[in-house]
Structures are given as structure tokens and as C-alpha cells.
Amino acid sequence: MNKNIKNILTSVLLLSISSLVFSAGISEDPLERKVLDIAAKLRCTVCQNQPVAESNSDLAKDMRAAIKEKLQQGQSEKEIIQFFVDRFGDYVLLSPPKTGNGLVVWLFPPILLLFTFFAVVMIMRSRSAKAEITPPSALSKADQERIRRARNESNKSGEDE
Amino acid sequence: MMRNVWWVIFPVLILLFGLLAYGLTTNPKHIPSPLIGKPFPALQGKDLNGTDVTLGVVDGKPTIVNVWASWCGACRTEHNVLLRGARRYGDSISLVAINYKDELPNARRWLSSLGDPYQWSFHDLSGRAGLELGVYGVPETFFINKQGIIVEKISAPLTDEMLANGVALMSK
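From first to last, the protein sequence lines are chains A and B. Sequential numbering of the first sequence, starting at 1, is according to the working numbering. Sequential numbering of the second sequence, starting at 1, is according to the working numbering.
Hint data in this document are derived by calculation from the structure and do not stem from the laboratory. Nothing here was measured: the structure is a model prediction, and the numbers come from that model. Glycine is no exception: its CB is placed at the ideal position from the N, C-alpha and C atoms. A few of these clues could be false.
Facing chain B, a subset of chain A residues (Cβ under 7 Å, in silico) [stated by the list, open to error]:
id : residue
1  : Q50
2  : P51
3  : L59
4  : D62
5  : R87
6  : F88
7  : G89
8  : A119
9  : V120
Required output: the full structure, derived from the provided sequences and hints.
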């Protein structure tokens, strides 16, 4: 009994220490996290289609340093992103703005999808309309005459048997 | 019915192909600068000799600000264009530079061996002035009119024609 309590106490102690170690290991600088969050939204302008957060280029490093400095000065994320847009243009945004020219990029795919959908529906409708069985046209007089003769002949041969 | 559908689909297809053709013929590396039409920021710093300089309109004349570095290969070919330009337009315009992320000895050696077309070169070792101006590669050139407004920005090595064009734009 005494041994059991001792064991439990030891394991609790060990666990509490390990949790301390773990929490120290995963703690991160919230400022760095914020810098990377903003940098992830900006395009590294010298490397095509790579965010500033992931690029190792000189310019991306400078941009990250500038973001950090501006955060330390108390600027908001919006202000910082606007700083880069004012200097590098909308191109610096990895996600284009939902106004002006950027709107085209956002609206074109859904419009194209809708258009394709309606086009397919229209084509399928016109096809099924064509596939309907048309009622046979009335027999011509000549055909009716041939049928009558054929019947007469078969009746005759039937009588012969 | 079928014919009606094609009347709608065909123009849209043409439009799509037109867009794709346009996309294929444009240069993805050409990025229009949002700074055109804006005043050039009056950045202060030191030139390669340690003298205080301020970027912007120099001597009250339309001013070209060329961004260069001794480590930039394309700047070497551009340098001859600038030397010719300084001789041709030197009386009516000012030509200054931003020396971008360069070591002082390298920058000085470049100018003494190739010739110095600039009135001075703003030494931007950290690249902060470049960031302030949206510089993403060297060489880049800003053309500023007498009022201090940026009228053109070229993000490529200048040719004689580009230089003449820019000078005409800033002298208006």
C-alpha cells in the first residue's frame, strides 16, 4: 500500500516535469507567427508563385524583416499589406482583390461553370427531343393497293391447301 | 434547337481562346508599377563618398533614378546606355542612382573602371530604400518629372529607345 502510493506520487511528479519540458519545447514567438501569417499572403516578387513566408530569396528576407519591424511599431496586418500593395501593386497579393480587375479572376470560373451546365442541359434536351419515335406516316394509295393484293393472294393460296 | 446552342457556345469559345492567346503573348515578368503617377518619396541617405543625399528631383530638373549593383550582370550592358544617355541629355535632366545591396569597395571599383554617369549614387546596403520603392530586381529605372511625380518605371535593362522614351515622358 505504501509502495503503491509512492509509485503514484513518483509518476505524477515525473508527468508534471515532462509536461513542463513539453510546453517549453512547443512554445513559439507569437510575433514570428504573425510575421509568417502576413508573409504567407504576400507573393515573393522575384520568385514566381511562391509566398514570402516560404522563400529564401534576399528580397523575401527583407520583406519579412520589414513586416516584423512594422508589427513591432504597432501597425495592423491590413496596414502592412497595404504598404506592400502600394509599392509592388496587387501582384504582390497571392489572393487577388475582390474588386476591379481582380473581380474577373474571381467571377470567371463560376460563370464558366454555370454556362457549361446550361449548355449541357440544352444539348441533352435537344438530343432527347430528336430521339422521340415519330409516328409512321400514313400509307400511300399505291402501298395500300399492294397490301390488298398481297392479302388476296395469301387468302387464295390458303384455300388451295 | 441544336443550332441555337452552337450560336451561344461558339462566341464563348472564341472569347476563351482570345483570352488564352492574349495570356500567352504577354510577359508574366512584366508587372505594372503602382508608383507611376505618385510622388517619388524623399528618401535620405548617404552616397558612396559618405555625403548626405536626398532622393527625388535633383537640381530642379527632371530626374532619372537608376537602381544598379556591381553584382548585377544585366547592369553591365545597361551601363553603356546610361553613359551615352548622360552625354546626350545631361544638360536637361539629372541622372542619379541607388546602389542596391552592394559593398562600397565593389561599387566604387565598378564606377572607376566602367565610368560614372551618375551625379551621385545613394548607397542602399540594407535594401530598405529599394523596398520603399517596390524594387524587386536590378536594374530598375524611375523617371521623375520636374514636379517630382514618377511618370515611368522600367524593370529591365534600359535600351537607348527606352531611355529616349522616358526622357520624352518626363520632360513633358
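(request) Against the structure, test the hints numbered earlier, and report the numbers of the ones violated in rising order. (result) 1, 2 and 9
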